[in-house]
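Engineer: Chain by chain, the residues:
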Amino acid sequence: MLLRHTSEKIQERKALTINPAKTCQPIGAMYAALGIHGCMPHSHGSQGCCSYHRSTLTRHYKEPVMSGTSSFTEGASVFGGQANLVQAIDNLFTIYDPQVIAVHTTCLSETIGDDIPQIVSKAKDSGKVPEGKHVIHCNTPSYVGSHVTGYANMVKAMVTYFAQNSGDKNETINLICGWVEPSDMREIKRLSQMLNTQIILFPDTSNVLDAPQTGKLQFYPKGGTTVDQLTKAGDSKYSIGLGKFSTEDAAKEMDSRCGVPFSVLDVPIGLSATDRFIMEMAKVTGNKIPDEITDERGRLVDMITDMQQYLYGKRVALWGDPDTIIPLTEFLVDLEMKPVYIVSGTPGKYFEKRITEIAGDRVEGLKVKGGSCADMFLMHQWIKNEPVDLLIGNTYGKYIARDEDIPLLRMGFPIMDRVGHSCFPRVGYNGSMRILEGILGCLMDRLDRDAPEESFELVM
Amino acid sequence: MKMTDIDILSDRKRQINKAGTEGLAMECEKHSLAGAVSQRACVFCGSRVVLYPVTDALHLIHGPIGCAAYTWDIRGALSSGPQLHRMSFSTDLREMDVIHGGENKLYKSLIELIDKYNPKAAFVYSTCVVGVIGDDVASVCARVKREKGIPVIAVHSEGFKGSKKDGYKAACDALLNLVGTLPVDTIPRLSVNILGDFNIAGESWIIKNYYEKMGIRVVSTITGDARVKDIMQAHGASLNIVQCSGSMTWLAQQMESNYGIPYIRASYFGIEDTAKALYDVADFFDDPELTDRARKLVRCEVEKVIPQIKRYSEALRGKKAAVYVGGAFKAFSLIKSLRMLNMDTVVVGSQTGNKSDYEVLKAMCNKGTIIVDDANTLELARFILEKDVDLFIGGVKERPIAYKLGVGFCDHNHERKIALAGFEGMVNFSREVFNTVTSPVWKFVPRRQTKKEVYFD
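Heads up: the protein sequence lines correspond to chains A and B, in order.
Numbering follows this note's numbering, with no gaps: position 227 of the first sequence is 229.
Numbering follows this note's numbering, with no gaps: position 441 of the second sequence is 475.
FYI, nobody ran anything at the bench for these hints, they're computed from the structure.
Here the structure is a predicted model, which is why all the values come from computation and not from measurement.
Watch out, some of these pointers could steer you wrong.
[To be verified] If you anchor each label on the Cβ, the simulated ranges turn out as follows: (1) Gln483(B) <-> Arg420(A): 24 to 34 Å; (2) Met305(A) <-> Gln483(B): 34 to 44 Å; (3) Thr215(B) <-> Gln13(A): 30 to 40 Å; (4) Pro474(B) <-> Cys425(A): 17 to 27 Å.
We put the CB at the ideal spot given by N, CA and C, even for glycine.
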């Protein structure tokens, strides 16, 4: 078994990360950029970074992922990457014809100190950026933050580069979307439509990373927030950021640039977080909540009441991105489950504070850790000391699931060994029902598998 | 946009050629063009994938977290024993480390790890940022080696130092630190090292088994299912057999000059090449009994597999394939294997081929076959459509490109789950190609359905 290398004895580690529960900034920037229509992400650094990010996104979404790279060599890392980036911009516009090139840096280009805006203006001056096309950028050194921070930086760049206040405000609501799946973004749009609300959702990877089979390879699938929408977002009435870690910076930027007031909510995962999202939407628009949404909520509550007996007291371990884990923890607490162990490699004090707030006195023996050395190894050690009934997290949990014989519900990024995550939403009341279905499926399969002959039953 | 309207980047025109045409020599071994959306990776990637399957060694990645996270258990290199190589260890450098240097953190991490896991050796990979901030990785390694008494080897794999191929060389240099460090008195004359197979889906086991059946001792497998101790004794073998030429030729050359061990190239993909490899090894030892055993082995295996392949090859007659793989040597074997399945390779390319590789490809392919070096997504898609292929053979990033265009796909890289090497591998390969090419799903793909002129968006 792979993880027999894990020991029960927990020692304070200072330097070392083992089996990380995070990855680095640029992949987040790449994912966010794919949520702009007609956008080619571009990685300013060695070509390995770009290759790894493309491979990982490809494994998760099972879709072609395009991105340029500045293909740094030794020369570039000594003399700077200006020539490479100018050439890349030229080649990308000439051959791939994107509307937007979204440049993100890597640890290499950051360390040597390449100034992206300066290089881009150089490219503009020498006529490499065609009329009406855009180059945006964000800084994403891999030794700061995590993939979530990289996502947040690119989302903020969308505001910085595009949003304009024309002075002509309208009733539109900006929904700034945290790192969720294309299916989740589609679900958020559906809910907004039911709420009769005109929204601009950005970024929006639906119809980009879950494109239908048409027999064509579309470099720029029909989805994605358009540049026009991003520009007009500055005229919106209000912004709602979904996920503090991935959207708060962008929401603030929108306010300070264009005077759009904002609030930041949790990603609408689970009952309470979805309630808050729906209520907030109703509050800022003044619209009434339609019966259809109340019905969806009712169906979720109904399923919970029907199934309570299988849920209460069950111990759960969670890992992944803070914006997903926070509302998920709350949902589990609402279900009277016990989310006892929680790690997220993404640094940020707010995470531990918020989790403790949600779970604190309702979950005895809560262990939560974010940031440095909050990794899957630590999670495994906790579990070895006192096991749990269920694991919820990304693919990397499969080792623990196997070694400790605990059921795993896959949720988060990356999921490289199953499908469905990009097709079926986990946000909103319907999405929460899917989470609940997943949890119950895991627990009941387990009951069936382990039941002695005399207590194996048809009806559950 | 119509297919024919798509231009090849002008700087890349000479990296694309056709079999059966006279004229310009193929350009290759160039740095990838910035902004070309190359399918290639970096030096670190090359080192990491080559050293990955050394199963009882510690692999510590000195750098920011990404480099470790992306190479965590991605290779599918199976182990018959230790699993230490599948763990992901990182110094997870943060901003302050980049400013003040990461040597201290590296030292502490190494000590913590060695104390915890008692590995047989440790490889420490330098990443881009370490190269730039100038950490003296070698001296930290030397210190830990002194203190802990195991080989601690710096792998000079800063990403920007070139492409994946340069990482292979760095990996070989790291392995050379181990070779020749243990006594070899007990190793018989009939002995070999298997170089350049990485035991994906258990392929090294298949190959090793053939040699052992022939009565040849396999001293070390580098690096599929490798053990540090075996590598330390690798200089005791009489012959090196190199499969992945791109990655392991340097090691073989160095072992030849340092220890006088000759090497031959081999491939285990396809019946023809597998048989040839076994005969070549037998010929090398110039032992009639050994040759006889090789002949028997080949005959027995071929008799088993040919009838199984036949039913697939009948169904596949006339189908067209595109091949885009890392090393050119693999492409040669694939063309032959596809031929055995009555398929025609109409597009072939590699990420790391050299001039002579491309000359061989030009000579062995049918007239009109497109030959490409360091291709990008756009070109690959264009060639698939232009040649209307039925099958694409490539790696992870190529898979969805093929599928989106309604074309069957076979992974011949990290992500294969069934062994494609050796005689039984050929049966697996035939079955996989048959299943994907003849899958009913292609009937539902609009482009394949209508066979109308193809368009890009």
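Engineer: Indicate, hint by hint, whether the structure satisfies it.
Structural biologist: How the hints compare with the structure:
1. Gln483(B) <-> Arg420(A): 24 to 34 Å: With a Cβ separation near 29 Å, Gln483(B) and Arg420(A) satisfy 24 to 34 Å, so the hint holds.
2. Met305(A) <-> Gln483(B): 34 to 44 Å: Since the Cβ atoms of Met305(A) and Gln483(B) sit about 41 Å apart, the hinted range of 34 to 44 Å holds.
3. Thr215(B) <-> Gln13(A): 30 to 40 Å: Holds, at about 32 Å.
4. Pro474(B) <-> Cys425(A): 17 to 27 Å: holds (21 Å)
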